[in-house]
Amino acid sequence: MSKELTGSEIVLKTLQDNGVEVIFGYPGGAVLPIYDTLFGQNSIRHILVRQEAGAVHAAEGYSRSSGKVGVVLVTSGPGATNIVTGLTDALMDSIPLVCITGQVPTHLIGSDAFQECDTTGITRPCTKHNYLVKDVNKLSSTIHEAFKIAKNGRPGPVVVDIPKDIQFAKGNYESLEDSKIKNHRVYKPQMTGDEKKIEEALHAIASAKKPIFYVGGGCINSGSSTSELLLKFIRLTGFPVTMTLMGLGAFPAGDKQSLGMLGMHGMYESNLAMHDCDVMINLGARFDDRVTGRLDAFSPNSIKIHIDIDSSSINKNVKVDIPIIGDMETVLKQMLKIWKNKNLSVNKISIDDWWKKIEKWKEIDCLKYTLSDEIIKPQYAIERLYELTRDRDTIITTEVGQHQMWAAQFYKFEKPKKWLTSGGLGTMGYGFPAAIGAQVANPESLVVDIAGESSVLMNIQEMSTAVQHKLPVKIFIINNEYMGMVRQWQELLHEGRYSESYMDSLPDFVKLAESFGAVGLRATKPKEVDDVIKEMISTDRTVIADIVVDKNENCFPMIQSGSAHNEMVLNKNQKQDEDSAKKGKILV
Amino acid sequence: MNTNKSVYDAPKQVSKSERHILTILVDNEPGVLARVVGMFSGRGYNIESLNVAEVSLNEHLSRITIVTEGTKEIIDQICNQLMRIVPVHSVNDLTEEGSSVEAEVALVLIIDESSAKKEIFRICDIYRARKIENENDNIIFEIAGTSERINSFIKDISEVGKIEIVRSGPVAISSKITKKDEE
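For the record, the sequence lines run as chains A and B. Under my numbering, the very last position in the first sequence is 588; numbers go up by exactly one each time. Under my numbering, the very last position in the second sequence is 771; numbers go up by exactly one each time.
It is worth saying that the hints were derived from the structure and are not from the lab. For each residue, glycine too, the CB sits at the ideal point set by N, CA and C. Do not rely on the hints blindly, as some may be mistaken.
Each computed BS3-like pair below joins lysine-lysine, with the alpha-carbon atoms no more than 27 angstroms apart [to be verified]: (1) A/Lys188 <-> B/Lys764; (2) B/Lys750 <-> A/Lys197; (3) B/Lys660 <-> A/Lys316; (4) A/Lys3 <-> A/Lys148; (5) B/Lys604 <-> A/Lys316; (6) B/Lys660 <-> A/Lys319; (7) A/Lys415 <-> A/Lys151; (8) B/Lys719 <-> A/Lys196; (9) A/Lys319 <-> B/Lys764.
Which bits of chain B does chain A cover? Going by a derived footprint, with three or more residues having C-beta under 8 angstroms, they are [unchecked claim]: (10) 609-623; (11) 659-671.
Kindly produce the complete structure, drawing on both the sequences and the hints.
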């Protein structure tokens, strides 16, 4: 047996063993021993954030853009409670994280000690799993297991709560190899899909007349070859593809088979195709309410195939006909193999007819908006950003709201892991710290946070983090001086009573950037937009670009909550019928 | 292929809500019960009764028996959500699988205010309730069996005296050998 290590040395060694290069964190009393061990080493880089919420979102951005597990280190009490939003965000969007939290010493647990909180109790419903380690000899095996659980199956966040006395105590270290031998009995997600079900699905695909692929975030979270396999299989069929907000990038947006995003602010043609299809192939999506709209009118005449690694996603919201439980990469390989072996082919003539119908829907040009010479349209700003950054290796993060939807509509993603947005939880304040994490993981990439002026203020303190660590992230603020999406709903559903949605007393974002030692730019006229974007890109420092846009622009097309896919509202002049608007109010 | 399999073709069928007994094998570790119970409360499902005890000392496994109510879809969702919990090894819906035996224990304190001892013992005899303590007018009986049997015992006995009851809630076992986790 090797010599004994202290708990905090074990923590660090376990992280190194699991290939951790970066930790996002914030010190405090209950994690001081771990910070002390961090002090004397160079193998793990620590990024000091300015509030713990920033640490989790940064770790999410790091993980989503690199495919690695994101690691967070925070103290007990407020440190732990501040990460709750980020944990929930990661759980909803299936992002693998390991969060190490300090805890008061074991003998003080339960005494309402200073900075004590029931971390495992508070984080139980917002993590995939969590631990309180009370024996230093179990510390290394617990952290190894935490990594395994975080990244396997449907990924998610795992919390390891470590009391301060355990960090000081001496104990044995178990290497990753040793711990693999003693494999956790329970956690064995089903990877391979049921062959019979796959055959059944492939026969349905082969005989489909009006099919559609409905691609979700599972295609991005699964192994690195998933996108390639997906492209291969979808090309074989020639079927149209629509992607969820989380699935953008899994299939190239520029491909002629891509119809773009679906759902509440999705493309007209995507939603109509979903409604009218006869075979729906759901690949790693979860029938979210923002996608399905009114459930009893959701794609009423289709055979639904659903492939997901999480069995609880199946039949949760929508009853499906052919469920396949398994890992997307593995199942796609199985599908390709069986498709070839069985010599299957698609119903070409019907598919051609189906495409003709879809082309007709496309002619509506649902993203159309009116350009202006005087005032910057938010859509225009994002379109220009796309045109001027598309040839680079660009990663886009967003906050939450109108700008997020416009970004999803107007920025075309050709590859996975380039689009990081808070889909499930809808966390305002996500985008900027996520951009910091993405920049840490991809120092050569251009990382742009497409932000709203309200969202970005929720984690603006991280400016200090970005500048300290010389991370040249760009914050591209679509500034309409409103919580735009709230204002839009108030206009459409609450008779224009703009209760508390106006952003008064906003900072001067240019001066704000400068005060942090970053660069501030501003565009107020359409003709200035290109220059500001070009300057933003060429500046090798943290930049805030304040794009002052039309305050009254609404995000269309839209399916208002309580409506069905074929009841889309295309623009301002089109009113929704009153009955579904009333129901929609509740569902927002 | 028959497209009618999709629930949306037919007028919305609301399937019947039924009582189900779930038996859940878990690692006996701190917090595991909170995880299971938290899933029920967090997702809005009901627990009618809950029972938990260690069943394998050397493997540290506990068996949780939960009686819940819901449509088939809801029960399926409950089972799937339970399987997402890391220390949960297996979930069996005994009601769905059929051929299971359930039993419950109740302790009943009867205060014999109206000197009806004879009648009390007669009823207890019928139900095979065992007397475990008899102090003056206070008699404690233990009864085991199905919940229905206990219900009807309580109904009968409460007519002869003032009673106080504690019930364990049912535990159940499949009469077939359930497939144990491999390994």
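Okay, the hints, checked on the actual structure:
1. A/Lys188 <-> B/Lys764: 25 angstroms, holds
2. B/Lys750 <-> A/Lys197: The given pair, whose Cα atoms are some 60 angstroms apart, is violated under the 27 angstroms limit.
3. B/Lys660 <-> A/Lys316: The given pair, whose Cα atoms are some 12 angstroms apart, holds under the 27 angstroms limit.
4. A/Lys3 <-> A/Lys148: 26 angstroms, holds
5. B/Lys604 <-> A/Lys316: 17 angstroms, holds
6. B/Lys660 <-> A/Lys319: 12 angstroms, holds
7. A/Lys415 <-> A/Lys151: Given that 27 angstroms is the threshold and the Cα spacing comes to 21 angstroms, the pair holds.
8. B/Lys719 <-> A/Lys196: Violated, at roughly 58 angstroms.
9. A/Lys319 <-> B/Lys764: 31 angstroms, violated
10. 609-623: holds (count 5)
11. 659-671: This one holds; 6 residues, not fewer than the three required, reach chain A with a Cβ under 8 angstroms.
Taken one by one, the earlier hints fail for this structure at numbers 2, 8 and 9, listed in ascending order.
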